[in-house]
Each structure stands twice: as C-alpha cells, then as structure tokens.
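J.: So the sequences go chain by chain: E and C.
Residue numbering for the first sequence follows the working numbering, starting at 1 and increasing by one per position.
Residue numbering for the second sequence follows the working numbering, starting at 1 and increasing by one per position.
Be aware that a few hints might be false.
One copy or two, it doesn't matter: identical chains are merged, so the pair holds either way.
Below, computed lysine to any residue pairings styled on SDA-like, alpha-carbon distance capped at 25 Å [said to hold, decoys possible]:
#1 Lys271 with Pro304
#2 Lys296 with Pro138
#3 Lys175 with Gly18
#4 Lys175 with Glu141
#5 Lys271 with Ala16
Please keep in mind that the hints were generated in silico from the structure rather than gathered at the bench.
Number of protein chains: 2
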Amino acid sequence: MGEFELLALLRERLPAAGPRVRLGSGDDAAITIPGGATATSVDALVEGVHFRRETASLREIGRKALATALSDLAAMGATAGEAYVVLGAPEEAGEPELLEIGAGLAAVAAETGTTIAGGDLVRAPALTLAITVVGHAPRPEDFVTRAGAHPGDLLVVTGALGGAAAGLLLLEDVKLAGALGAVAPGTGSLDPATADALRRRQLDPTPRLAAGAALAAAGATAMIDLSDGLAGDAGHVAAASAALLVIEAETVPIAPGVAAVAVATRRDPLKLAVAAGEDYELLAAIPPEGLGAARKALAAIDTPLTEIGRVEVAEDARGRAEIRRRDGEAVPSRGFDQLRRPRRPR
Amino acid sequence: MGEFELLALLRERLPAAGPRVRLGSGDDAAITIPGGATATSVDALVEGVHFRRETASLREIGRKALATALSDLAAMGATAGEAYVVLGAPEEAGEPELLEIGAGLAAVAAETGTTIAGGDLVRAPALTLAITVVGHAPRPEDFVTRAGAHPGDLLVVTGALGGAAAGLLLLEDVKLAGALGAVAPGTGSLDPATADALRRRQLDPTPRLAAGAALAAAGATAMIDLSDGLAGDAGHVAAASAALLVIEAETVPIAPGVAAVAVATRRDPLKLAVAAGEDYELLAAIPPEGLGAARKALAAIDTPLTEIGRVEVAEDARGRAEIRRRDGEAVPSRGFDQLRRPRRPR
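In isolation and in its complexed conformation, chain E is listed as follows (with noise of 0.2 Å):
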C-alpha cells in the first residue's frame, strides 16, 4: 500500500469535518473560514524520546500526541479547531499499525470537536508525529497568554498533579505497583484501580478545553498548561509576567496514590508533583473577584480548582516563581527542558 492509498484510508476514519472547514486534507493546503482571532500551537512526539512502544500502544500514542497539543489551546482559552498531523513512519511500520495511530487521533478529534484537517506522511528512521493545532476565538484579546498576570491575582490549579509522574514510574517498572504494600505500608495503600488511573494519567492526558474556556471567561488574566511541570511552568508564566508568583506547597493537589508511589521510590511526593512534568492541568492567575465564578464554571463541568498561590510584585523584570513550604523553606525543583531532557526514553 502507497502513500496516497494509506492517507485515504486514514481520512476515510476521521470525524465529520467542523463548519469552518470548507476543504479538508487532499489537496495542496486545506481551506478554512476562521473567524475572528486564532491561536495556533505545534508540538512532536518522538519514539524513544517522549514514548516507548514497550509501555504505550500506538492508539494511546496517537491520543496523547492530538491531546497533548490541544492542551495548549486550553492554555488559551481556545474553541480547539483544526489539527494538522505530520506522522513519520519507519519501515517497518506497516498499514495496521499506522491505522491504529489514526484511530487514537480520530477518537481524541471526535471527543474536542478538532477537524483533523490535513497532514503529511513520511519515513522517518523513528515514528514521529508532529501536530500543529489551531484554536479560535472572536477577538484576540479573547485569549489567555502567560504573560497577563498581576498583583493580587491568585493562582488556581485544575485537577491533581504528579499522576503522570507516578505512572511514568509504574510503567517503567511492572514490578513496583505489586511491592508497593510491602515497601511503604505506612503510605496508604495502592489498589490496582488507584495504579491504573496512574498509568493512565501518562498514556492519556486529558486537554482540559472547557476549564481553560471557563477561566478565560472568568477573567483569568495569565494560563500554562503544566506540561513542564508546575515549577517550570510557574516560572513561565512569572517570566512572561514580569510578576513573582508565590506558591504554598501544602496547598498543591497531589493526586491520589502519588505519595504511595514516590515513598516507595524514595521521592519526595511535593518533588513529584511539581518538578515532574505532563499532568496537562492548567494554572491560571485570576483577580480575587473573578474566582467565584470560576469555581462555579469548573464545579459545573467537574472538574477540580484549586488556590495555591498568589502574584506578587517581582524584585525585577525577569519575575521568578517560587514553591514555599508553610516553614518559609523553598522547594527546589526546575522544569524539564526538551534539550537537558535524559537519555532514558519516557
């Protein structure tokens, strides 16, 4: 089977294109009416740098390259769009497989409303999968940057962090999800379905689309998608700023069976949950009036915000954000940068 055989076979699997696609992927570019203002992000997924195929199947890789994309949508605020898809194969890579990729993007496509509107197919000596993500709004000032935050704004956090660390390390080794009782008796214990949402938290992070519109439209006046790690991510935002953000450690949501696992790996959870990044939760400055209605938008879409932290005035215009325990002691901890990022494959 060809190229062109095998992107038509792929295109036949995707989600009804959304009504501003007036051409969708087959010829030279697609063709859409966006409206007022658009945000557009691009990210990659490399095999042996960002996956293992030991530990994620290719539906869950082609999910969380689709979802983790749009996660920066909902760091804008964004109505996600359009997604345009580079998959680079291997050789060996043959048409059921790539057809299992197809599947995890459609299926995350369908879930958010994103048309998958065009994309290119290459070898590539690893598989890679490049998405470029398209997001609207009606005016541009619509959208949340990094870069709006404010004294005496607070600092909320959607869901719980640390999950995906935690299942990074449930994943990368089988054994410990089953000496966990043993080794940690004393840190509650981890059930098999606790462990599960762990792993699942790496394999398949959820955009969080709705929160993002809803904070956005509670007046949040800075958001990040925390796919650094809150520390590194909080730092971007303070940059960005030009603000000092201030967090308190007993207040970050730490997700359920986290702690378990990182006494058990001899971690600090706190370390786990902020330094460690990918738990696509959003953090967003929001003025003390707007974070009753913020409160309300997330309750009503179930999804957990919590306050951690406030803006500050920043010593100087770099800004910095900082992770201070409830003794004044700052938690050390940094971001993961892409270049300094390990050998070892996550």
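Given chain E, work out where chain C should sit, using these hints.
T.: Then chain C, alone, in the frame of chain E:
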C-alpha cells in the same frame, strides 16, 4: 544551552512579524487575525530520507524545508502568512548547527513575507523539519484547489522541469559533471554555471508564490505544485477534477542542462522532466480566455509560462492524466510516492 535559551536565540534571528500576527512564538500558542479565509498545509523533511548532510548544508536544509512548504500555498494562489516549525534535532546537533538551520528558515521567511510565528524543538534520532504554513485570501473561493479543471481548459506550467532531478544526479555523483563533455559530446556542453544552476534547483527551490497568485487572479480553475513530478501531479489534478488531462510531451519545457545529464546517465530527458519531482513549479488549468492575462502577469514577474496541453472529458469519474508524444505514444511515468521511496536517501 537548553531548549528555552536556544529558542530565544532562534527567535531573535527571525524577521519581524507580519501585521496579522498579534503574538508570535514564545507563549502556549501564537495569536493571529486571519481575515477572510486561510489555506493551511503541512510538510516534513527527514534526514536520510529527503536530504543528506553530505550534499546539503544546514542553511540549505532550513531554506528548502520552508520553501517546499510554502510551495503548497503558491499552488492555492494564497498570500503567504505564518509558518510553525517543528525542529527535531539529534543529540549531536549543537547550537551553531541549529542556528544555521534557523538562518535558512529566517532567510526564506524574509524573502517571502512569511512570519515564523511558533515552533517546537525536540530531540529526534534524525534531523527532522515539520512545517505548517498558513496562507490567506479574502474569501475561500479565491483559493485554487486541484478540483476545478474543466474540459476545454488549457494546461500551463511555470518555469522549466527536470532541473531538480538532474541536480540530484550531479550532487550524488560528483564526478558526473566533469565527465559530461566526454561522455555525451553530442548533447551540448554542461558548463559549470549550468551544472551549478541544476544543483541549486535541487537544493534551493523557489516557491512560486507570486506566479500562483497571478494565475489565480487570471482565472485558473485548478492548480498544483510539482513536488511528485508532472505525471503524478497531473494525475492528482485529473483525479480531483474527474477530468482527462492530456499533456503534449514535446511542449514540456525542460531546464537547460537536463538533456546533457540525462544522456550521460542513460536516461530519457523527458522522463527526468515528467517523472522526477521536486521542481516546485506550478501546473494550472486555465480557460482559454484567461491565458492572455496569465501570460502578461507572469511576464511582469519574469516567470516563464508554457502551454503544455488541455483538459478533456474523462472516460470515468476517476479522471486520468496522459503524457503523449506527437506520434501518439504515451510516456510511461509515475509520480513519487513517499512510502515507496527507495532506500537511498536523496
């Protein structure tokens, strides 16, 4: 140097953002005000598959990646707008190497009025560039797809063909250029300037943006850029338009020097021109009454335009393209297929 510092360095070297871009690279997403309608296309180049470091400089690789992506916008008659770049970098690629690629991207962006509005930098086993480009037009119907070719339309092609394929042969066999005079004295000499021009056609293609816009304005009914080769790409237009495209072999413009390279390598020059790809010229269908305006507009931008055939009624809805010699013989040829690409990298 880490990801964020390097991205900042790359950003510094980009040309200024265009008027549609409200927020460029550096946040979760870029923000643009697209206007009426957008054409979006995505393309990828992979080391060892689409280029080799032995025959292409990093700057040329950066240039070609953006130029070939923009070629798809030229084929829509779009005005180039924004580009979003995924750069997959092997561990051994250092800061100077990545900045060289960035310089190539920035140069083509400046030459074409494209804003590089976002990107992602990841580790990858082979140097990879995946680029999404967005072009603009007032209305969706201003774009020219592959699907509108109508019986009675004339077929025109910009520039001359076969140059990229002949250039590749010269690049892959460095002794070929020197041997040409002796091997094929009857085919005209291949002077160093012509040989160099052929190599440049392979390494540094020009997206025909102005020509594409002019052909669209002159009433082109269907258009495609010649990436897979005239035979294959005419087949795509025929299929999308459900029409028969008849191309007269003797009228196909062949680039200077192609004949010499073809004979020296025991190839048919016409086959080099129609079956090999990467010339990135435009093939358009245009009603006879539009031809005068198209000729005039292309003469004004010094772009050759040649009439090479006509659109006829197809035998069935699948459409078909045929390249005929004057004696009626069809030229056997096939387009380029990514997945059937031979192992030897280009």
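J.: Against this structure, judge whether each hint is valid.
T.: Verification of the hints:
Taking identical chains as interchangeable, the C-alpha atoms of Lys271 and Pro304 lie at most 25 Å apart only when both belong to the same chain, with a minimum of 21 Å there against 64 Å between chains. In this assembly of identical chains, the alpha carbons of Lys296 and Pro138 lie at most 25 Å apart only when taken from the same copy (23 Å versus 41 Å across copies). Taking the closest pair of Cα atoms, Lys175 and Gly18 never come within 25 Å of each other, the shortest separation being 45 Å inside a single copy and 54 Å across copies. In this assembly of identical chains, the alpha carbons of Lys175 and Glu141 never lie at most 25 Å apart, being 50 Å within a copy and 59 Å across copies at closest.
For a Cα distance limit of 25 Å, the shortest separation of Lys271 from Ala16 qualifies neither inside one copy, at 43 Å, nor across copies, at 40 Å.
Of the numbered hints listed earlier, those contradicted by the structure are 3, 4 and 5.
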